[in-house]
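All chains should be built: construct the whole structure from the sequences, respecting the hints.
Under UniProt numbering, the first residue of the sequence shown is numbered 1, with each subsequent residue one higher.
The set of hints was computed from the structure by calculation and includes no laboratory data. In this text the structure is predicted, and so the values were computed from the model without any measurement.
The calculated SDA-like cross-link candidates involving lysine to any residue, where the alpha carbons are at most 25 Å apart (straight line), are: (1) K40 x S26; (2) K41 x G30; (3) K37 x F20; (4) K34 x V16; (5) K22 x G35; (6) K37 x G23; (7) K22 x W9; (8) K22 x F12; (9) K40 x M28; (10) K34 x G21; (11) K22 x W7; (12) K34 x F20; (13) K40 x F25; (14) K34 x G23; (15) K40 x D27; (16) K34 x L17; (17) K22 x I36; (18) K41 x D31; (19) K37 x R24; (20) K37 x F25; (21) K34 x A44; (22) K37 x S26; (23) K34 x L19; (24) K22 x K37; (25) K22 x H8; (26) K22 x K34; (27) K22 x V32; (28) K37 x D27; (29) K22 x I6; (30) K40 x G30; (31) K41 x D27.
Label pairs and their calculated CB-CB ranges: (32) S38 x W7: 38 to 48 Å; (33) V11 x D46: 39 to 49 Å; (34) L4 x R24: 18 to 28 Å; (35) L4 x M29: 17 to 27 Å.
The beta-carbon is built from N, C-alpha and C at its ideal position, and this holds for glycine as well.
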Amino acid sequence: MGGLSIWHWLVFGVIVLLLFGKGRFSDMMGDVAKGIKSFKKGMAEDDASPPAPRHIEGQRTPDAAPSPTPTAETDRR
1 MGGLSIWHWL VFGVIVLLLF GKGRFSDMMG DVAKGIKSFK KGMAEDDASP
51 PAPRHIEGQR TPDAAPSPTP TAETDRR
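In structure tokens:
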């Protein structure tokens, strides 16, 4: 009482197959697999190192040494 027998599970399985069909279920699982693959690919692209910054004429890069500023000693010469 309260438990499901093998016959209940068989009837349930037949109903599920009739509703979804063998082809529809496999197509659905294929779409899920494609989604997972594209998600993993997107995550791998985010982990890749960013491209090196391009040098633009007239702009200093953060790694460049600062240009020397004139001091009082150099102005006297």
